[in-house]
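Q: Listed below are the residues making up each chain.
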Amino acid sequence: MDTAALKASWAQVVPLGDQAAAYFYATLFSIDPGLRNMFPASMGGQRDRLLSALGHIVSNVDDSETLVAFVQQLGRDHRRFEVQPQHYPVVGQALLHTLAHGLGPAWNDQLAADWAEAYGIVSKAMIDAAAAVDPFEPAWWNAEIVAHERRTGDIAVITVRPQGEVRYRAGQSLAVESHLRPKVWRYLTPANAPRRDGTIDFHVRAVAAGQLSPALVYQSRVGDVLRLGSPIGNRLTVASGPGPDLLLLAGGTGVAPMKAIIEQLAAGLEDRKVTLVVGVPNQWDLHDQAELDQLANDLRWVQVITALSDDIIGGQPMTVVEAALRHGSWHDRKIYVCGSPAMVAGTCQTLRDEGYASTNIHVEQFDDKTYAPLRASLTPERVFEEVTRP
Amino acid sequence: MSAESTPRRRPLSPHEIRNVRLRQIGFRKGYDPAEVNALLQRVAEEIAARDAQISTLLNDVERLQREVYARRHGALPDNAPVGLDEALISERIQAQQYVDEIVAAAQTNAAHLVAQSRQQANEIIRAAHAAAEQAARNYRATSGPSYSPDREELARLATLAQWAIRQFSGLRTQVDATDDAARQELASILDRLAPILYPGNTTNGAAYPGDPGHRNENR
Chain A
0 MDTAALKASW AQVVPLGDQA AAYFYATLFS IDPGLRNMFP ASMGGQRDRL LSALGHIVSN
60 VDDSETLVAF VQQLGRDHRR FEVQPQHYPV VGQALLHTLA HGLGPAWNDQ LAADWAEAYG
120 IVSKAMIDAA AAVDPFEPAW WNAEIVAHER RTGDIAVITV RPQGEVRYRA GQSLAVESHL
180 RPKVWRYLTP ANAPRRDGTI DFHVRAVAAG QLSPALVYQS RVGDVLRLGS PIGNRLTVAS
240 GPGPDLLLLA GGTGVAPMKA IIEQLAAGLE DRKVTLVVGV PNQWDLHDQA ELDQLANDLR
300 WVQVITALSD DIIGGQPMTV VEAALRHGSW HDRKIYVCGS PAMVAGTCQT LRDEGYASTN
360 IHVEQFDDKT YAPLRASLTP ERVFEEVTRP
Chain B
0 MSAESTPRRR PLSPHEIRNV RLRQIGFRKG YDPAEVNALL QRVAEEIAAR DAQISTLLND
60 VERLQREVYA RRHGALPDNA PVGLDEALIS ERIQAQQYVD EIVAAAQTNA AHLVAQSRQQ
120 ANEIIRAAHA AAEQAARNYR ATSGPSYSPD REELARLATL AQWAIRQFSG LRTQVDATDD
180 AARQELASIL DRLAPILYPG NTTNGAAYPG DPGHRNENR
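These protein sequence lines map, in sequence, to chains A and B. The first sequence lines up with residues 0 to 389 when you count with numbering that gives the first Met the number 0. The second sequence lines up with residues 0 to 218 when you count with numbering that gives the first Met the number 0.
None of these hints come from the bench; they were simulated from the model. Treat the hints loosely; a few may be bogus.
[Stated by the list, open to error] Only some residues are given here: those of chain A computed to face chain B with a beta carbon under 10 angstroms:
1. 14
2. 146
3. 149
4. 216
5. 283
6. 355
7. 359
Being a predicted model, the structure only gives us computed values, none of them experimental. By construction, the Cβ of each residue, glycine as well, lies at the ideal position given by its N, Cα and C atoms.
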């Protein structure tokens, strides 16, 4: 297999971007129209995900260790999309047809053979990885909504009870799907450390132009069953045992992983100080204030600070990071940041400007543009670079 | 994929066989060293040839296993023309683009509506508070020696309540004429008004003086 030729031909297809992805899916659904039902109605975000995952595979085709780990994760994760082994050859066929279409005269039998071989290896690794994990973990967990509480105009706290044990760590996220928006998976972060009864709280804000979140906030009801994918993420988790004190910076529903982390620490015996700064636009947007006050009241090592970024009736607007810096110097702490992309970017930028070491700043974001396992495979430095990119 | 039949002891390599040195003991009769060496040389060469053959065969087997696997689960991806109708493909692309545009436009509209009503709601709240502060100032200016902080607060709350009631009666007629979405929005406004009508129930987050910095950054 000529890996240089693979990379070179891929480099020619990349500039076609969205067009190539649109052609790929149209080809795929022409070969097997039944596959269309496996994808959401709107394919916009899907295209970026496909290209970024494929690009990652091709650009690491020489680095078998990186590639194998990624591809196995890909295979395991695709179980929740109900992908079966017999789907792989069809996808391969559509891929080769797309490459042939995109490369035009540059496409030849040798390239076709190389791509077919590379695809065969990748799909076999995905199928094997999926089969290997099948006996131990379901493709997804059905989780019944047992409580649905509207906390503000656009935020709901939704408690689910999964069938079977979901083994996640505080700070990890789960892909979630609802029958209200079939095939639209979005990442939500449990707001509690794993409980004995297995229930999980999600803090969901209805994103104005979102697909899944408004359905979850406004339409879903107690008794609805959601699907949960495997826990993912390693940047917002905290190792148990003694460690540095923490500064947790949360924008709105970004408070979820922070609460889970605090619960995890509360269950241990370590003596670690935690300062949590929660930011929202106005005081009526504080969706979890009562519980946070309770937390700060119960746990002496937890300090909770509130910041209002608009504060239209108090008139003293302040961002999360401004409030944090006003309260002290945190160079000896590990800093965790979670919130909207703008909040995370602004916070990281300010911290960097103030001389905080980026190695002490933990961020993680699973948006709907990048395929999450791919994002999870990025190094912490890359993640940090990406979230602070203007 | 390695040969499954590999014995536990590491097999001798052709190189090791070629270089094997057997100890000679005493003056007992034995094999001619030259003959032994020649034999070892030949064995080594044959094993080397066999190893090469085995590795070629293993590669073949692996390739064939993949092919069998792929064929069992459908077809092997290849470049053979599959009778795909390019016109059909381009029609599908167009149809999907149309769908995506409609969805994107709907999302933009929804976002716009939400942003607008949020701005409106904030405006109402801001105005209500300004009116309440004005009422408090009026009370302070006219109360004279009978001033009490409780009464000042009462003046504030009474003004806020009046504003709220005026807003609700206006909204009721609108909401009755529309659907669930508007009901949700009304509920949202009610949620926002609650902490103002009952200000003691929330924590005042503006305890730290500061100048307006990056706004709207918090989710």
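Q: Are the hints correct? Go through all of them and say.
A: Structure-based check of all given hints:
With its C-beta approaching chain B no nearer than about 18 angstroms, residue 14 of chain A sits outside the 10 angstroms limit, and its interface hint is violated. With a least beta-carbon distance of about 18 angstroms to chain B, the hint placing residue 146 of chain A at the interface is violated under the 10 angstroms criterion. With a cut of 10 angstroms, the hint placing residue 149 of chain A at the interface with chain B holds, because the nearest CB-to-CB distance is about 7 angstroms. About 9 angstroms separates the beta-carbon of residue 216 of chain A from the nearest beta-carbon of chain B, less than 10 angstroms, and the hint is met.
Because the closest C-beta pair between residue 283 of chain A and chain B is about 4 angstroms apart, less than 10 angstroms, the hint holds. About 17 angstroms separates the beta-carbon of residue 355 of chain A from the nearest beta-carbon of chain B, more than 10 angstroms, and the hint is not met. Proximity of residue 359 of chain A to chain B is violated relative to the hint, the smallest CB-CB distance being about 21 angstroms (cut-off 10 angstroms).
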